[in-house]
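Participant: Those protein sequence lines, which keep their order, are chains A and B.
For any residue, its number in the numbering used here is found by taking its place in the first sequence, counting from 1, and adding 1471.
For any residue, its number in the numbering used here is found by taking its place in the second sequence, counting from 1, and adding 1471.
Take every hint as true, because none was put in to throw you off.
Chain copies aren't distinguished; within one or between two, either way the pair holds.
Here are the simulated DSBU-like pairs of lysine-lysine, each with C-alpha atoms no more than 35 Å apart in a straight line:
| no. | residue 1 | residue 2 |
| --- | --- | --- |
| 1 | Lys1502 | Lys1740 |
| 2 | Lys1620 | Lys1740 |
| 3 | Lys1482 | Lys1502 |
| 4 | Lys1740 | Lys1482 |
| 5 | Lys1620 | Lys1502 |
Quick caveat, the hints were computed from the structure, so don't treat them as lab data.
Bear in mind the structure is a predicted one, so any value in this text is a computation, not a measurement.
Okay, here's what each chain looks like letter by letter:
There are 2 protein chains.
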Amino acid sequence: MKALQLTEIHKGPHYRELPMPERRADHALIKLKASALNRRDVWIRRGQYPGITYPIVLGSDGCGVVCETDASHAHWIDKRVIIYPGYGWGNDERVQSDEYRILGLPDQGTFAEYISVPISHIHHAPAHLTDAEAAACPLAALTAWRALKERGRMQPGDKVLVTGIGGGVAQFVAQFVHALNGQLAITSSSTEKLSGLDSTLAAVCYVDDDWRGQLQAACPGGFDIIVDGAGGAGFGELVRVLAPGGRLVFYGGTRGRWPAILPQHLFYKQAEILGSTMGSPRDFGTMLNCINATQLKPTIGQSFRLEDGADAFDYLESGQQFGKVILINSDD
Amino acid sequence: MKALQLTEIHKGPHYRELPMPERRADHALIKLKASALNRRDVWIRRGQYPGITYPIVLGSDGCGVVCETDASHAHWIDKRVIIYPGYGWGNDERVQSDEYRILGLPDQGTFAEYISVPISHIHHAPAHLTDAEAAACPLAALTAWRALKERGRMQPGDKVLVTGIGGGVAQFVAQFVHALNGQLAITSSSTEKLSGLDSTLAAVCYVDDDWRGQLQAACPGGFDIIVDGAGGAGFGELVRVLAPGGRLVFYGGTRGRWPAILPQHLFYKQAEILGSTMGSPRDFGTMLNCINATQLKPTIGQSFRLEDGADAFDYLESGQQFGKVILINSDD
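Construct the entire structure; sequences and hints are all you get.
Facilitator: Printed below as a string of structure tokens:
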């Protein structure tokens, strides 16, 4: 089969002929139709990720059709599926086990023509989505869903602030806020990205000096939930615009350390700062239920052919994207 | 009646003859037997508290006997009671309302011979406790209980770290950990205070350079729950000794700002940093159930006569205390 193989830091990945994956018992062999990039893939190419081994076929997100499995799972044959993008969550809904790993390192990922995954990890692709749209969902939508719904405990009517709206996870958080009838505010450094999304409360450019003031004016009582993947100095401003009883959920820290925070700004209002990453298999199921029930469609940024995968990596690294970056497999 | 009246900053309070409190409908007039100081009282004397008005009778904690009420509440007459130490929590268990205020400012507090409080705020004093012990409980035990149980969601077997063990709230947290069959570690700046309490996991002096290392050695998997009232630079070390899925509950910040924290140390382990203050009327009920069921006895530090109240304030301010500082009313 053809696949994108990463063989060294900063280069490729290269489109190559590789052996077909071996299908184990209780696994499904899937002929992939489309896959999607995540920032994780770019970090791995840069060498900035724990446990990198070469050569490796990356990719955590994929949509395809089951072409081979055990007789007892034959009802899956020819079904269009997406894949739960992790292994080894464990039994604790609160936190993944030490063995947890994301699809695409060290296990073969989705930037390939075929992949073999456990039957328990496959789910029907939402019928209202194209292959590309379905492939756009797994990792980013799961991370967004857990942060907003399981950790942030979002309810209809909640006022939710989503930072860095250009990012893939942030996009899904914003869409889930709409789907769950919340009130949305967004921030970005780019006024262009801010105009790309409907927000009911505010769309604030965080390079403005008074961005905290703009948020306070738009939502005087504070936000019930804030979802942030950036950290950095701006995190200190987010703390100040939380409502009493509010939850500040963070799933990343691309801008580094939080500033020095005064506990008095938080404990009297019983605020919560909640770390979140990925999501459990159960979270994946409830997320898919929401996508199906609300007919949510992910935003697709740019699509590339699988053989042009290296260009897709370069594009995501350039930071221009708005919406998911997709790889499309050829039809034959 | 006699009471301790605060009339100006930094002075007193003065033991004075004051009018009897007026009892309103659905209130109980209580003849107080004992009361207890909290750090809040010292802050108010220093002028470091929002909304201070003079003259004021302070005191959030008290134990006494109901001497007068409406006919419909007559079954409370002669009963020994303690008082829920707040007003106006509201209907949201998650956070108190804007109207919430603590007993003893602006409403008359417990450093007096008599107090009138709503019937709904009184509870039977635990039968196994003396008047002084019962008076020691309300505010500090409530704060400790909510932080540990409602916010930290402590379960039997949990590994719990309590910082600054000399404080009144910290003492109760430690006792509740024992009562709920948890495993306890404690920190203090004073080796003397560390030796005053049984701890099953570790007793670490946080002025030692390697105090984080000592905690990690005692609890290699990290703590399920940490309860902190100090903040300051040490808070950054606490973040590092949290277990995956761990909860760091904070109810104060006497040492000021947290240091700059790296989000990467927290989000992958799905850690939670949870603000907490006081507790709801429901929390007060579940706390009393625990004290009664486990026959928990608070640690009494030093007792003073009500008329020597100013000395009790000076003593608490000196930081020598280990356990609650009590005021005893004369028997006549």
